[in-house]
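Novice: Here is what each chain is made of, one letter per residue.
There are 4 protein chains.
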Amino acid sequence: MEVRLLAFTKLADSSLIIPGETECDSLVMRAIAQCYQTKPSPRALRTCLLEGHHSVFEHLSFTFAVSDISRTCLAQLTRHRLASYTVESQRYNDYTKKPYRYIVPETIAQDKMSHKMFLKQIEQAKQVYDQLRKRNVPAQDARFVLSEATGVNLTFTMNARELMHVFDLRLSSFAQWEIRNLFYEVLKIVKPLAPRVFAPYPKK
Amino acid sequence: MEVRLLAFTKLADSSLIIPGETECDSLVMRAIAQCYQTKPSPRALRTCLLEGHHSVFEHLSFTFAVSDISRTCLAQLTRHRLASYTVESQRYNDYTKKPYRYIVPETIAQDKMSHKMFLKQIEQAKQVYDQLRKRNVPAQDARFVLSEATGVNLTFTMNARELMHVFDLRLSSFAQWEIRNLFYEVLKIVKPLAPRVFAPYPKK
Amino acid sequence: MEVRLLAFTKLADSSLIIPGETECDSLVMRAIAQCYQTKPSPRALRTCLLEGHHSVFEHLSFTFAVSDISRTCLAQLTRHRLASYTVESQRYNDYTKKPYRYIVPETIAQDKMSHKMFLKQIEQAKQVYDQLRKRNVPAQDARFVLSEATGVNLTFTMNARELMHVFDLRLSSFAQWEIRNLFYEVLKIVKPLAPRVFAPYPKK
Amino acid sequence: MEVRLLAFTKLADSSLIIPGETECDSLVMRAIAQCYQTKPSPRALRTCLLEGHHSVFEHLSFTFAVSDISRTCLAQLTRHRLASYTVESQRYNDYTKKPYRYIVPETIAQDKMSHKMFLKQIEQAKQVYDQLRKRNVPAQDARFVLSEATGVNLTFTMNARELMHVFDLRLSSFAQWEIRNLFYEVLKIVKPLAPRVFAPYPKK
Chain U
1 MEVRLLAFTK LADSSLIIPG ETECDSLVMR AIAQCYQTKP SPRALRTCLL EGHHSVFEHL
61 SFTFAVSDIS RTCLAQLTRH RLASYTVESQ RYNDYTKKPY RYIVPETIAQ DKMSHKMFLK
121 QIEQAKQVYD QLRKRNVPAQ DARFVLSEAT GVNLTFTMNA RELMHVFDLR LSSFAQWEIR
181 NLFYEVLKIV KPLAPRVFAP YPKK
Chain L
1 MEVRLLAFTK LADSSLIIPG ETECDSLVMR AIAQCYQTKP SPRALRTCLL EGHHSVFEHL
61 SFTFAVSDIS RTCLAQLTRH RLASYTVESQ RYNDYTKKPY RYIVPETIAQ DKMSHKMFLK
121 QIEQAKQVYD QLRKRNVPAQ DARFVLSEAT GVNLTFTMNA RELMHVFDLR LSSFAQWEIR
181 NLFYEVLKIV KPLAPRVFAP YPKK
Chain Y
1 MEVRLLAFTK LADSSLIIPG ETECDSLVMR AIAQCYQTKP SPRALRTCLL EGHHSVFEHL
61 SFTFAVSDIS RTCLAQLTRH RLASYTVESQ RYNDYTKKPY RYIVPETIAQ DKMSHKMFLK
121 QIEQAKQVYD QLRKRNVPAQ DARFVLSEAT GVNLTFTMNA RELMHVFDLR LSSFAQWEIR
181 NLFYEVLKIV KPLAPRVFAP YPKK
Chain H
1 MEVRLLAFTK LADSSLIIPG ETECDSLVMR AIAQCYQTKP SPRALRTCLL EGHHSVFEHL
61 SFTFAVSDIS RTCLAQLTRH RLASYTVESQ RYNDYTKKPY RYIVPETIAQ DKMSHKMFLK
121 QIEQAKQVYD QLRKRNVPAQ DARFVLSEAT GVNLTFTMNA RELMHVFDLR LSSFAQWEIR
181 NLFYEVLKIV KPLAPRVFAP YPKK
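Protein chains in written order, with this note's numbering: chain U, 1 to 204; chain L, 1 to 204; chain Y, 1 to 204; chain H, 1 to 204.
Just so you know, not all the hints are guaranteed correct.
Claimed, not checked - Think about it this way: if two alpha-carbon atoms lie no more than 30 Å apart in a straight line, the pair counts; the simulated DSS-like pairs of lysine-lysine are: (1) U/K120 with L/K97; (2) H/K97 with Y/K98; (3) L/K39 with U/K120; (4) Y/K134 with L/K39; (5) U/K188 with H/K39; (6) H/K112 with H/K134; (7) Y/K116 with H/K126.
Claimed, not checked - Take a look, some chain U residues computed to stay more than 12 Å from chain L by CB distance: (8) L16; (9) A33; (10) R143.
Stated by the list, open to error - Simulated coverage check for chain Y against chain L, where a stretch passes if three residues somewhere in it have a Cβ under 8 Å from a Cβ of chain L: (11) 26-33; (12) 82-88; (13) 138-152.
Note that these hints are calculated values from the structure, not bench results.
Backbone N, C-alpha and C fix where the C-beta goes; we use that ideal spot for every residue, glycine too.
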């Protein structure tokens, strides 16, 4: 898995940056200030965090380019509906013409015998895919044979309010390891950009 | 694939049904009438359809119980974010203890050789899954080896406005066969219930 | 203010009602059961409530016909974006041809002097509206002179998950009295229909 | 009315700008390219525009600070639910302590007699507000007497896909003048920033 920040909300004019604050935190403070007709301040931002006025955090969004997450992780990720996804299409992808990648869960990788069985099976599935394609089965149907470990690339955009909600769910110990890793990477990226907004994360 | 209507919006009081109209069409006509302070009528409904006042169709929603669609079809379906999904969990499902089902694309089923390769591969994947489980790999990780053909059950709710939008996209000849079949089944169910609302569908 | 239940989600087939349960609670239990492949039960519903698996409550929605809330209350209500609204149009309403109604806040009604000033002002605004209309000012512009106390009718649909969220915000003592009254009326209607779903409300 | 661009999505690294293209157009092209595993190009962007693959435009969003739109315009604006709003609060605003502004429709301003009646009425409403406040009516209730012409400030964020949808509805000759003016101002701001994305606007 690789997570790269592609884009994020910046102020239209750098003179709007509040001295001593990051550009992202400044944006949120400015939105709050206009609402309450006060001066932008870290204190008002903290109050919004604590008292649940979370809609102000929607003005700030982040776009990530993600490589090589499994199809199972993709299914979990896209359940979060308040976000925008542009996903590499398996219908039009022809894996006979491009590298085929897959994800191996840690619990499998650490058991030699399991690992061997797993790799053999995944590779065989790819070989059957190639043979189906040779027999003129369309890519969109041949992929039915591929395993759920198959890696996928996507671009997604989420605003800070929804990120907080997803952090609550997916950084928890109940979350599956792959999506938890994904959002730890995301948190590592966004926290330095908006330290006041994401101050409560990671939660203990 | 099986699609069954589980529930839908009905009037609180059957005396609100407009004579000669279905309960679903009556509901939409009543919502429109209150908005424009007129009497409920098929004509006002038709005007909303034609002139793009589609928000009135959101008051009417349908809940479907769907069995045995592939994981690839699920991925396409859940891209429609203005709907509610309750999906059978693969993390907690233990396929060693319950029947394992899968979907075979028509293009594969109709070629004897392709079909044979496909079935063999899918069954093998299931066997590796069973062995991984015996070696104490958790269900949520063992499933990485299963194919994308794996069948899944879910319940989903969509309102009539979003259904129209999805019909536009997924009944088209560009859509993949499985999701097209799914929404043809859906249309067959909703059209008799709301013949005026879904009058334009299927589009030629 | 008058709040009337216009419609809500019912089971497609009354044989699906779980013995001893309401139709609405039964629907939610059935959606949960399919997800976890268990039998429908009040216990599973309670677990979803407590552990925050709230998406299952989205399958159940309610449609209300509301009369005579103020424009200020409408502004607060429509801030809840996960709902569907069909609002009486002020652009096309001609108040010279239909009754004009308005809402008087309790804090004003209980002070004789304030009440008198208030009524006089509201009535005058309506008279200026009438005169502007006579001078051929379009209804959509003449309404600029009307007060925010002006009553409005609307139909809105909200699912049970969003209702819970709105109850959390709007039944609180921090909420304004008018929207709090609105959602107390709503709660009175939905609670007997889905006693298990809304068991936690009103919160103390 | 004043519309000012407060913030918008920029690339994380300016080396990602595609030569000869703006930063905003580059972002959209990069998202499309990752999806189809091709090189970023204006042609792919145009194809997405024409063929209705509009979800790629959601990665790009814009935040506006708006001053002095009427309460009626605010009501129309916030009907667009796929956006984020932070609105100056009338509940906590005390207009006895800050300037009170209002909007005069052109159809009223151009008729001397209508204009005079209108101004007198609006000013009187404000005077009654002040008197109610003196009699200890809370600001949240006193505002019921204020007219719908009352000016309001807000910050809102909308992505490019939703902006296109709103342009379709609100730049039309059927839209009311105030919200049409608002979105003409918005279009003037976003078009130079993303000329390829907004190429079809304004539609003739």
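Novice: Does the segment 82-88 of chain Y contain three or more residues whose Cβ lies closer than 8 Å to a Cβ of chain L?
Specialist: With 5 residues in contact (Cβ-Cβ under 8 Å with chain L), the coverage given for the segment 82-88 of chain Y holds.
Novice: Holds or violated: U/K120 and L/K97, Cα atoms, limit 30 Å.
Specialist: Since the Cα atoms of U/K120 and L/K97 sit roughly 24 Å apart, the hinted pair holds (cutoff 30 Å).
Novice: Holds or violated: are the alpha carbons of U/K188 and H/K39 at most 30 Å from each other?
Specialist: Given that 30 Å is the threshold and the Cα spacing comes to 29 Å, the pair holds.
Novice: If you draw a straight line from the CA of H/K112 to the CA of H/K134, is it 30 Å or shorter?
Specialist: 33 Å, violated
Novice: Classify the label on U/R143 as holds or violated, using whether its beta-carbon is more than 12 Å from each beta-carbon of chain L.
Specialist: 6 Å, violated
Novice: Would you check chain L against the segment 26-33 of chain Y, counting CB to CB pairs closer than 8 Å, and say if three or more residues qualify?
Specialist: As far as the segment 26-33 of chain Y goes, the hint holds, because 4 residues have Cβ atoms under 8 Å from chain L.
Novice: What's the verdict on L/K39 and U/K120, does the C-alpha distance respect the 30 Å limit or exceed it?
Specialist: 68 Å, violated
Novice: Counting residues of the segment 138-152 of chain Y whose CB is closer than 8 Å to a CB in chain L, do you get three or more?
Specialist: violated (count 0)
Novice: Next pair to validate is Y/K134 with L/K39; report whether the Cα-Cα distance is within 30 Å.
Specialist: Judged against 30 Å, a Cα distance of about 27 Å means the pair holds.
Novice: Tell me if the straight-line CA distance from Y/K116 to H/K126 falls inside 30 Å.
Specialist: 16 Å, holds
Novice: Is it true that the CA of H/K97 sits at most 30 Å from the CA of Y/K98?
Specialist: This hinted pair is violated, its Cα atoms lying about 37 Å apart.
Novice: At 12 Å, judged by beta carbons, does U/A33 keep clear of chain L as stated?
Specialist: Given that every Cβ of chain L is farther than 12 Å from that of U/A33, nearest at about 32 Å, it holds.
Hint compliance for this structure: hints 2, 3, 6, 10, 13 are broken, all remaining hints hold.
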